[in-house]
Amino acid sequence: MAWRDDWRRVRAIVRKDVTTELRAKAGFNSVASLGVTILILLGLALGPDAEALRNAAVGAVWLAMLFSGVLAFNRSFQVELEGGALEPLLLYPGPRWTIFAGKLVGNMMFLTMMVAIVAAVGVVLFGVQIPYDWPKLLGVFALGIIGMVVLGTFYASMASRSRAREVLLPLLLFPMLVPVLLAATTASRAILGADLMHEAGAWIKLLAAYDLVFLIATFIAFEHVIEA
Amino acid sequence: MPASNLSFIVAAYAVTWVVLLGYLFRLVRKGARARAEYEHAVQERAGGTR
Amino acid sequence: MPAPPRTSMWLGIGSFGAVIAAQTYAILTSPAEGDMGHLQKIMYVHVPAAWMTFLSFFVVLVFSVLYLWRRRENDDLLAASAAEVGATFNGLTLLLGMIWGRPAWGVWWVWDARLTSTLVLFLIFVGYLSLRAFVDDAQQRARWSAAVGAIGALNVPIVYMSVKWWRTLHQPPSSPETLDPAYTMGLRLNAIALLLVLIYFIRKRYEIARLERAVEHAAEAAAMGGR
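Chains as they are written, first to last, in the numbering used here: chain A, 1 to 228; chain B, 1 to 50; chain C, 1 to 227.
Treat the hints with care, since some could be wrong.
As a list, the in silico BS3-like pairs of lysine-lysine whose alpha-carbon atoms are at most 27 Å apart [what the hints assert, rightly or not]:
no.: 1; chain 1: A; residue 1: Lys136; chain 2: C; residue 2: Lys164
no.: 2; chain 1: A; residue 1: Lys16; chain 2: C; residue 2: Lys164
no.: 3; chain 1: A; residue 1: Lys205; chain 2: A; residue 2: Lys136
The hints are simulated quantities; they were obtained by calculation from the structure and are not laboratory data.
Hey, can you work out the whole structure from these sequences and the hints?
See below:
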């Protein structure tokens, strides 16, 4: 059945990327370290007043994720690029969207692990008090990460193959992620602050809609983008 | 204060014209260069013994 | 390779003349207003510039999708031309917004919904143009910019909405830019005039793009030992 073959392809790509990642060793550790480093620098730049830090916590965590995330996204295509493996990958029979799906899953795993570390460090460094409805906060983070990964993977599929990948990916990606940044930070702040105005719900809906719209759009667009 | 606002109004229209005329001149210059290169390329293909 | 048609010089002269006429009419006929004096006159250039920005973006969207659909090179060149012209009008909109804002709000910048989303839109334009600058292969450049252009345009209303929510939930609304009915005629005339300028700019930029592409084609053919 065609569906099963497709999913097998996706799993194969994920497995390949995870294996490469585990062998590389330097990969996840260095990107996660960078995320934490950025967080520390933000703390130094915005502190030392505890009140100011507590207010800045949400923004700092999301920015640290954004800046280190771009490295993860470019790297997700780097492996093929360096080994010249992109062309053979394209020659394999099967629909192209499976490549995109595979990369998406890989990046989701990568960023989920990263955000766990960065957020934990952020809670400690910025003196955040975990709220009563912290599962809602997890939801916000999940939706925000999805938005980042969907667009990050999409733009990285092009930027990583262009002449100026380090500057091009952030330049393309960051303006597009403005709604994610606004929604994630505002909702997070609302939840941390007991959400007296019940704002978080509306922002969560916006995030979900955003993720859905761009998930569909990027899948459609990827076909056109990935041709060698 | 209407008087001090005048400088901003003037500035706004000045900026508008600077941008519009500036872009116009950029296009005209680029256009001339592009046309010249095009004519040159056409001549090369027609006249040159390739 | 057939020569791309020349853009009419008369369109250029006519459109610029129309702008002069519209601005003159608007400045002379609009009354002073309250404590702002004649400050609202800036709206005659700021609002049409904003409209032209969004119109340009719409053209980028349409021709990006068209290119992805039927892969005609000219569609890509038209999208790119509209993007460059749109970015120019976008920059102008931002500058004029700031010039209006300084006396109106007392500061050069406020993170209000319209100004902020116009700024983000500007960055999306810049990203699109940078992508084109950094990709050398013409077909890849066309495909990639079309994808980026379409997806970028998709985000424009979302960005505007999210910035608006972001603002209204935390601050009182900024001074409303609702226009006195006395201003409507002048605004319409200026908008039409600027539209003519937009059409002229895009056509001229498109002509240049086609000429440059033709030269590129010739170079490619020569490199491959063409006829």
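For each hint, the structure was consulted:
| no. | hint | result |
| --- | --- | --- |
| 1 | Lys136/A <-> Lys164/C | holds, 23 Å |
| 2 | Lys16/A <-> Lys164/C | violated, 43 Å |
| 3 | Lys205/A <-> Lys136/A | holds, 12 Å |
The structure shown violates just one earlier hint, number 2.
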